[in-house]
Amino acid sequence: MTAWEAVIGIETHVELSTKSKMFCGCPADIPDEPNTACCPVCLALPGSLPVPNVKAIEGIVTIGTALGCTINESSLFYRKNYFYPDLPKNYQISQYTFPVCEFGSLIVEVQGEPTVVGITRVHMEEDTGRSTHVGEGGGRIQDAEHTLLDFNRAGVPLVEVVTEPDIRSAEQARAYGAELQRIVLALGVSDAKLEAGSMRFDANVSVRHVGTEELGTRTETKNVNSLRSLQRAIEFEIDRQIAVLEDGGSITQETRHWNEDKGVTLSMRSKEESEDYRYFQDPDLLPLEVSDEWQSLVRESLPELPAAKRARFRAAGVEAETAELLADNLELASLFEAAVSGDTNGKLIGNWLTGEVVAHARRENMLVSDSALTGSHLSDLAEMVEEGKLSSSAAKEVLNAAMDGDGSPRDVADARDLLQMSDAGEIEAAVDTVLAENPDAVAKIAQGDSKPIAFLMGQVMRHTGGKADPSIVQRVLKDKTAGDA
Amino acid sequence: MTDLADLTIVAAGRGLRSGEFSSVDLLDAVTRRASITEAQLHAYLTLDKKGARSAAEAADAAFADGKDVGPLQGIPIALKDNMCTIGVETTAASQMLAGWKPPYDATVVRRLKDAGAVVTGKTNLDEFAMGSSTENSAFGETRNPWNPDFVPGGSSGGSAAAVAVGSAFGAFGSDTGGSIRQPAALCGVVGMKPTYGLVSRYGLIAFASSLDQIGPFARSVEDSATLLDAIAGWDRFDSTSIDGAVPNFSGSLDGGVGGLRIGIVSDLMGEGIDTQVRGAVSGMADKLSEAGAEVVEVGLPSTEFALSAYYLIAPAECSSNLARFDGVRYGHRSNVEGTTEDMMSHTRAEGFGPEVIRRILLGTYALSAGYYDAFYGQAQRVRTLVRRDFASAYEKVDVLISPTSPTTAFPVGERSADPIAMYYSDVCTIPSNLSGEPAISVPIGLDDKGLPIGFQVMAPSLGEELMYRVAAAVESISEFTKRAPLASSEVVAP
Ligand SMILES: [Zn+2]
Numbered sequence: 000m001t002a003w004e005a006v007i008g009i010e011t012h013v014e015l016s017t018k019s020k021m022f023c024g025c026p027a028d029i030p031d032e033p034n035t036a037c038c039p040v041c042l043a044l045p046g047s048l049p050v051p052n053v054k055a056i057e058g059i060v061t062i063g064t065a066l067g068c069t070i071n072e073s074s075l076f077y078r079k080n081y082f083y084p085d086l087p088k089n090y091q092i093s094q095y096t097f098p099v100c101e102f103g104s105l106i107v108e109v110q111g112e113p114t115v116v117g118i119t120r121v122h123m124e125e126d127t128g129r130s131t132h133v134g135e136g137g138g139r140i141q142d143a144e145h146t147l148l149d150f151n152r153a154g155v156p157l158v159e160v161v162t163e164p165d166i167r168s169a170e171q172a173r174a175y176g177a178e179l180q181r182i183v184l185a186l187g188v189s190d191a192k193l194e195a196g197s198m199r200f201d202a203n204v205s206v207r208h209v210g211t212e213e214l215g216t217r218t219e220t221k222n223v224n225s226l227r228s229l230q231r232a233i234e235f236e237i238d239r240q241i242a243v244l245e246d247g248g249s250i251t252q253e254t255r256h257w258n259e260d261k262g263v264t265l266s267m268r269s270k271e272e273s274e275d276y277r278y279f280q281d282p283d284l285l286p287l288e289v290s291d292e293w294q295s296l297v298r299e300s301l302p303e304l305p306a307a308k309r310a311r312f313r314a315a316g317v318e319a320e321t322a323e324l325l326a327d328n329l330e331l332a333s334l335f336e337a338a339v340s341g342d343t344n345g346k347l348i349g350n351w352l353t354g355e356v357v358a359h360a361r362r363e364n365m366l367v368s369d370s371a372l373t374g375s376h377l378s379d380l381a382e383m384v385e386e387g388k389l390s391s392s393a394a395k396e397v398l399n400a401a402m403d404g405d406g407s408p409r410d411v412a413d414a415r416d417l418l419q420m421s422d423a424g425e426i427e428a429a430v431d432t433v434l435a436e437n438p439d440a441v442a443k444i445a446q447g448d449s450k451p452i453a454f455l456m457g458q459v460m461r462h463t464g465g466k467a468d469p470s471i472v473q474r475v476l477k478d479k480t481a482g483d484a
Numbered sequence: 000m001t002d003l004a005d006l007t008i009v010a011a012g013r014g015l016r017s018g019e020f021s022s023v024d025l026l027d028a029v030t031r032r033a034s035i036t037e038a039q040l041h042a043y044l045t046l047d048k049k050g051a052r053s054a055a056e057a058a059d060a061a062f063a064d065g066k067d068v069g070p071l072q073g074i075p076i077a078l079k080d081n082m083c084t085i086g087v088e089t090t091a092a093s094q095m096l097a098g099w100k101p102p103y104d105a106t107v108v109r110r111l112k113d114a115g116a117v118v119t120g121k122t123n124l125d126e127f128a129m130g131s132s133t134e135n136s137a138f139g140e141t142r143n144p145w146n147p148d149f150v151p152g153g154s155s156g157g158s159a160a161a162v163a164v165g166s167a168f169g170a171f172g173s174d175t176g177g178s179i180r181q182p183a184a185l186c187g188v189v190g191m192k193p194t195y196g197l198v199s200r201y202g203l204i205a206f207a208s209s210l211d212q213i214g215p216f217a218r219s220v221e222d223s224a225t226l227l228d229a230i231a232g233w234d235r236f237d238s239t240s241i242d243g244a245v246p247n248f249s250g251s252l253d254g255g256v257g258g259l260r261i262g263i264v265s266d267l268m269g270e271g272i273d274t275q276v277r278g279a280v281s282g283m284a285d286k287l288s289e290a291g292a293e294v295v296e297v298g299l300p301s302t303e304f305a306l307s308a309y310y311l312i313a314p315a316e317c318s319s320n321l322a323r324f325d326g327v328r329y330g331h332r333s334n335v336e337g338t339t340e341d342m343m344s345h346t347r348a349e350g351f352g353p354e355v356i357r358r359i360l361l362g363t364y365a366l367s368a369g370y371y372d373a374f375y376g377q378a379q380r381v382r383t384l385v386r387r388d389f390a391s392a393y394e395k396v397d398v399l400i401s402p403t404s405p406t407t408a409f410p411v412g413e414r415s416a417d418p419i420a421m422y423y424s425d426v427c428t429i430p431s432n433l434s435g436e437p438a439i440s441v442p443i444g445l446d447d448k449g450l451p452i453g454f455q456v457m458a459p460s461l462g463e464e465l466m467y468r469v470a471a472a473v474e475s476i477s478e479f480t481k482r483a484p485l486a487s488s489e490v491v492a493p
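Residue numbers (numbering that gives the first Met the number 0), protein chains in the order written: chain A, 0 to 484; chain B, 0 to 493.
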């Protein structure tokens, strides 16, 4: 039997962190007290009209540009008509044909294997209010005794990023979600908090036999709100669909939702009973114009994107996984950038930052940003290690001390007498003495027995009070004993 | 002696400034007039006596302080009850909004208040402005001041009747397919629809957003221009409002028609137009020609389809605009037991009248998947054709003229059972809504039943100055100074 292959597309909703809502002046930073950030417009009072928020448009153009999209100079707002109590107008202002951004892409890597995920469109819409169903039914509308409505979130600007069905595994889907979140955070247009719902995913999943072109019937799993859930929901859905098909059944095109506790997706409604949204162009809003000048302004002010940052860190010698950790952490990244220039040992510094620095901060229950560590501390430390003046364990001690504010690495190393003997001449002299004192060992080595080298090293270290750089001692010992043979 | 209620706004303004009478005197005059006429006409849904009184007193105090913010200071003005007025019941003549008091003023209302106008109250209309006779009001119909057995036209019938009868010096209405011009014609007053976007729609309860425009009712062309001056111009709360310099319309009335090229729309002068109306309009065309204009026949062939297109576009937009009336946040809420969905659907079934429900259904159907292109899509293409027709007409002429309404006022009840006949009332006015261009109706005479005949002047986009210039000439040629019989204070209340 031919193997199965999953075909996955992701729709991501990102709430923009603008000051005001999409179409009115109410704060978009939602207060806790229900219905306190509302006005005639976002409550859809009779006679009110929407006026687009320029900052939100700038936000979506920024996201689209970062995703390599074509920005449409003129795009249209549509009304998506459906009745729901937390949708004040009973239509959502959204986009349909001619969204702001189209035809972009995002490269995601799973275990070093890159995949290009096509971005179909990035469009602008508004969020709904929030319903709380009160009653026996555990928050389900069907069983609620009554429903409480909070319209604070109604009208908060929402960007929807839609991919092509280019994703083939749950891991890739997760990597896509993570990378999109990193980009949005780097752009500073949203707080992208999955747990708070300011970023959420819908996953379209279908399966087919490997080698077939035709797409299988898909399901849409809605409102998945963590990267882990995204991966799990898709894994579940792929397995479920394969099981149904192998059992001779067929997949129903439907909307499902992810039940985190049970670890399953459950059917919400099938497409047959789904609504006709009666999309039409919103007559209250003019076409949205994004001029060439505006587009180039956005392009020029785009910050460095995570992928470019990681590439830069890798070029400085950092290993792939460490580069990702560094690039994801603004504090660590800026320390790294302050420390590394020219031929500094980027790998060493990267490892310290993502290893010992993070570990020490956690041990001491402090923020890396609150520690006394500076970029020049790190570069000095790396130089000392490179020169053989500090052992790697001594380096860690110095690093911890520098974080604790005990002084610069050189001062700490001096004060604590941690410096190694790295002068080749001194070490050679010590080696010569030891060799002269142990002719038996030398003879054994000459006969091809390498065991006594360790013994001789120990002797040299003892001779130098433990301060000789062991790597230099080893090199000199080998040279000298080989030379004798 | 003239009853103050019969003065024009301009004449009343002169008297206020010369100290001949006060704003409170003017308010008393229109209130007295209303107390005589309302029982028969029912032009008003709400008379805001307290609010009007304090506004009139404030205007008088301002005059006493030497403060003068312009020609509307101290003038009693009525508003169609689909414009939001803070703290004053705004119903759109629907049970759905009975008792609803908006927490905000429409931009037009705010501008009128800033201009010192005294808002007398809220006038009757067809529910949600859907209708051509003001019979579709949930709170009872308005009657024609020239003959109460006849309709005043609609949907702004209350505003038209109030101005005609002198229970307001001027009024505002909204025009989606003729809802200002047609009742103005039927009530013998001047009614004007501005270029789409010249006046803010913020706070106007939407019927069809791409067609709705607020405009004035007045007893003279000069008053009309004066009222428009106070409300025109860009508004940051309406993104479809036009951002640009606004001319002084009341200063654009002189100049006459000499040298102007005027096109009489042949497609609106044929079958379906009452012969007396047709005769009066062509008589006026002749006089304009005598006054120095070059009058030529111009075709607008797409008008044949304009009516059908309108009755798809307007219902489609209204089906979405009126979705917000669901009983959740304001207005009527059904007491039905059941789910939220039951509550919402019963609220709508109980709150909306039959014509509103008809249009919502029509519009919902026109936007449905599978029908969209055949209905809504096709209607939008017709709309493009209408615009193109106007554009090519305006290559040949400066303004267009036609009847405002195919007939004079019709008897109450005559068309209420026949929606198609009712829809036909708007055949002459709808094209300007589809094109978004300005048009005005000026009364030019009476038919043999003693009912007024309206004459329409249409102009290209933002051509209000030219439109007013021609309208002023029409007004002066027609010498139509007759007042609605119910306007005379000698008429005793029934
Ligand atoms: Zn708001």
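Treat each hint with caution, since some may be false.
Unchecked claim - One side only, chain B facing chain A, incomplete, derived with CB under 7 Å:
1. T7
2. E37
3. Q39
4. R110
5. Y201
6. L203
7. S208
8. W233
9. D242
These aren't lab readings, by the way, just hints derived from the structure by calculation.
Cβ coordinates follow ideal geometry from the N, Cα and C atoms, glycine included.
Can the hint on T7(B) be confirmed by a CB-to-CB distance to chain A that is less than 7 Å? 30 Å, violated
Does the closest beta carbon of chain A sit nearer than 7 Å to the beta carbon of D242(B)? This hint is violated: D242(B) lies away from chain A, its Cβ roughly 11 Å from the closest one there, beyond 7 Å.
Chain A contact restraint for W233(B) - C-beta distance below 7 Å: 12 Å, violated
Hint check, Q39(B) versus chain A [nearest Cβ-Cβ separation less than 7 Å]: Interface hint status for Q39(B): violated (30 Å vs cutoff 7 Å).
Interface hint for S208(B), Cβ within 7 Å of any Cβ on chain A: Holds: closest Cβ of chain A sits about 4 Å from S208(B), inside 7 Å.
Answer holds if the nearest beta-carbon of chain A is closer than 7 Å to that of R110(B); otherwise answer violated. 15 Å, violated
Minimum beta-carbon distance criterion (7 Å), E37(B) to chain A: 25 Å, violated
Closer than 7 Å between Cβ atoms is the bar; does Y201(B) clear it against chain A? Give me holds or violated. Where the cut-off is 7 Å and the nearest Cβ of chain A is about 5 Å from Y201(B), the hint holds.
Does L203(B) hold up as a contact with chain A if the rule is Cβ-Cβ below 7 Å? 6 Å, holds
Against the hints set out earlier in the document, violations occur for numbers 1, 2, 3, 4, 8, 9.
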